[in-house]
Amino acid sequence: MSDLSYRAINDDVLNAMGRPRASFYFALAFLGALIGWAALCWTYQTQLGMGVTGLNRPVGWAVYITNFVFWVGIAHSGTLISAILYLLRANWRDAVSRSAEAMTIFAVMTAGLFPLIHLGRLWVFYYIIPYPSQREIWPNFVSPLVWDVCAVGTYFTVSLIFWSVGMIPDLAAARDRYESELGPEHFKTRFYRALSLGWSGAGSQWHHYGRSYLFFAALATPLVVSVHSVVSWDFAMSLLPGWHSAIFPPYFVAGAIHSGLAMVLTLLIPMRKLLNLERLIQMYHFEMLAKTLILTGSIVGYSYGVEAFISWYSGDIFEWQFFKWRVGGPAAWLYWLCVVCNVLVPALFVIPKMRRTIASLFVISLLVNVGMWSERLMLIFTSLAHDFLPHNWGHYWPTWVEASITLGSFGFFFFFFVCFTKGLPTVPLSELKEKVADEEITSTGSCDTRVKASVDPGKPSVLAIFSNAGRLLEAAKVACDAGFQQMETFSPVKLEKLPAVLKQPKSPVRLITLIGAVSGLIGGFWLAGGTANVNNLIVGGKPPISFIPFCVIAFEGTILIGSLANLFGLIVLARLYRRRTVAYYDPRFSRDKFGLLVGCEPGQESRLRELLKPTDAEEIHVHQ
1 MSDLSYRAIN DDVLNAMGRP RASFYFALAF LGALIGWAAL CWTYQTQLGM GVTGLNRPVG
61 WAVYITNFVF WVGIAHSGTL ISAILYLLRA NWRDAVSRSA EAMTIFAVMT AGLFPLIHLG
121 RLWVFYYIIP YPSQREIWPN FVSPLVWDVC AVGTYFTVSL IFWSVGMIPD LAAARDRYES
181 ELGPEHFKTR FYRALSLGWS GAGSQWHHYG RSYLFFAALA TPLVVSVHSV VSWDFAMSLL
241 PGWHSAIFPP YFVAGAIHSG LAMVLTLLIP MRKLLNLERL IQMYHFEMLA KTLILTGSIV
301 GYSYGVEAFI SWYSGDIFEW QFFKWRVGGP AAWLYWLCVV CNVLVPALFV IPKMRRTIAS
361 LFVISLLVNV GMWSERLMLI FTSLAHDFLP HNWGHYWPTW VEASITLGSF GFFFFFFVCF
421 TKGLPTVPLS ELKEKVADEE ITSTGSCDTR VKASVDPGKP SVLAIFSNAG RLLEAAKVAC
481 DAGFQQMETF SPVKLEKLPA VLKQPKSPVR LITLIGAVSG LIGGFWLAGG TANVNNLIVG
541 GKPPISFIPF CVIAFEGTIL IGSLANLFGL IVLARLYRRR TVAYYDPRFS RDKFGLLVGC
601 EPGQESRLRE LLKPTDAEEI HVHQ
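Residue 594 in the UniProt record's numbering sits at position 594 of the sequence shown, with consecutive numbering throughout.
Simulated from the structure, these hints should not be mistaken for laboratory data.
Each hint should be verified, as a subset may be incorrect.
Taking lysine-lysine pairs in the DSS-like style, the calculated list, with each CA pair at most 25 Å apart, reads [claimed, not checked]:
(1) Lys477 with Lys497
(2) Lys291 with Lys435
(3) Lys452 with Lys497
(4) Lys503 with Lys613
(5) Lys494 with Lys477
(6) Lys477 with Lys459
Please construct the entire structure, taking both the sequences and the accompanying hints into account.
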């Protein structure tokens, strides 16, 4: 990546957003046809009832719930790559994080369809919304199904905010490019201008943006672990053999990340080729994804082994007979398909050639996706089909309606992802540019006094333009040491050392985030406790006020309100509400140039200009 310049990175990413070819429209038409066919099948199911599916007694959950769990799992790798690996400073995440985040959004959107489809009577879904009604039907916050609604809703909201905030600097780059090529009033220019929220790349904006993004990552990291744990409690909180197990939360989380990483490979391999992103998304990134798949596949394999051990060691005859039926009964082919596709096939990545060849990467990622979908189906329907009593055992086979709607869900997901590849930056160009900037910056030292990060527009100022990040920091230090304390910087990347040079105080966005998080914690307990007191129902032998189950709602409230407060703090402190760039802004600041704006008293312009000349400034402009 170090051989690429700021301009090359900018051009490669924004060129991918150019005019689509005929194949793009053909893909959209094909995927739209799949969605239309699935919609017709769903309408048919709504009119005739759930009898058109293979659901029966005792198998009341099957393909639709499988799709819900599968798509929620697909969504997890986006947050893993964006948040967890960001906190761990994994340098290979940058090129693939944006597409993984988009995949998260579209996967959660797809997953959210299936509880409604499975509900059958879609028009009564509002019963689960917590509002005081005349029917006195309040959600039961002791139920894991209600936890699901809160967890998945929070995950979608936080992921959408995280994704959108991460794109702001890149959308500004797209805005400036289209404004220079198509004019300020063109639809594309106005569209990206609205989305970029007046971003100018000012140092004061980057200062608050960097802290805010870090807090988003810190909030999203526990959320990604909690969401699929909550999804697993839909099953683990029951008493059925095969479901009632404490291993389900880590088992589901590992499987979710496993399937999500495989889907990242499935999407990025063709996208990289079709959008000509080979210079940015390199084989190194694919190899790191493959190595991570080895890890998650090992965890999934370990979970399979522990599940068998628990069934035997527990001494529970129902668990043991169920496990023997699962691995040797009529559904055994499904179990062993999961073992092969989820454990043995990704283990091939141990061979260096297998993880360095595009064909093997793509085929193995597809097989892992097939295996993880099959695992979800196997886990869900087998426990229902073979529970405690032999006279209650049954069978299940999906019908063409379920298959069509499932196929349509893949069309729905890929439709939005294909639109994303042409409408928004698929690679975070500002983060890739940081690597170039880091190579240019050397130790500069800090100013003797704190610099005020604003310039009085009523007084003269001097704007120096640089093509090197290191020169910008040196010039800022020179101006500061000469007694000039009003200055603002502009850059296409976040300069980690700039706050230390200018002695900027820590961003107060952390306090706003903390207040929001604490408010969400209190509000979550208040909502759950207040709801429980409406009817004073005793459910599952638990008292109406059950502190432990209510912790789930409080946790989701903490993350949700904390993230919203963090977003609010960023918008206010970075002044993104202005919707237009600040004065003295140059569109080149979003591409490959750095600017230093220094305020001065009348009569000091010449002195300041001469002071900045030795810093290798390419241009120096005096504003009266």
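Hints and how they fare:
1. For the hint pairing Lys477 with Lys497, the CA-to-CA distance comes to about 12 Å; that is within 25 Å, so the pair holds.
2. Between Lys291 and Lys435, the direct Cα distance comes to roughly 23 Å. Compliance with the 25 Å bound is thereby established for this hinted pair.
3. Between Lys452 and Lys497 the CA atoms are separated by roughly 16 Å; this keeps the pair inside 25 Å, and the hint holds.
4. The straight-line distance between the Cα atoms of Lys503 and Lys613 is roughly 24 Å, inside the 25 Å bound, and the hint therefore holds.
5. Proposed proximity of Lys494 and Lys477 is supported: the alpha carbons are some 17 Å apart, at most 25 Å.
6. A distance of roughly 21 Å separates the Cα atoms of Lys477 and Lys459; the hinted pair therefore holds under the 25 Å criterion.
Every hint, counting from the list given before, is met by this structure.
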